[in-house]
Amino acid sequence: MGNDQNTMQFDIPKNKKDLTRTILTQVNDSLKEKGYNPINQLVGYLISGDPTYITNYNGARALVRKLERDEILEEVLKAYLSIK
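Throughout the sequence shown, residue numbering follows our numbering, covering 7 to 90 in sequence.
Please keep in mind that the hints were generated in silico from the structure rather than gathered at the bench.
This one's a predicted model, so the numbers in the text were calculated from it and none came from an experiment.
Cβ-Cβ distance ranges computed for the label pairs, FRET-style:
#1 Ile89 with Thr58: 30 to 36 Å
#2 Thr13 with Ile89: 24 to 30 Å
#3 Asp76 with Lys38: 20 to 26 Å
C-beta: ideal position from N, C-alpha, C; glycine also.
Could you put together the complete structure from these sequences and hints?
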């Protein structure tokens, strides 16, 4: 018998956390490369929802818009507070 009898698990929270981290790291790097302060720019975006706080360089603006702002804040707070 093949592996089609085994149940596969898909861990959405872990994958979401990894995706958020990957995207924020790429956006951070793009903002730095363009000479912006990444923290200030990301805070501006998170507070206002205005994507123009994020550079288009390397597709950073499109990347960050793949995530919901509340999900970004949730992951940032979890990391800050070391909640797993």
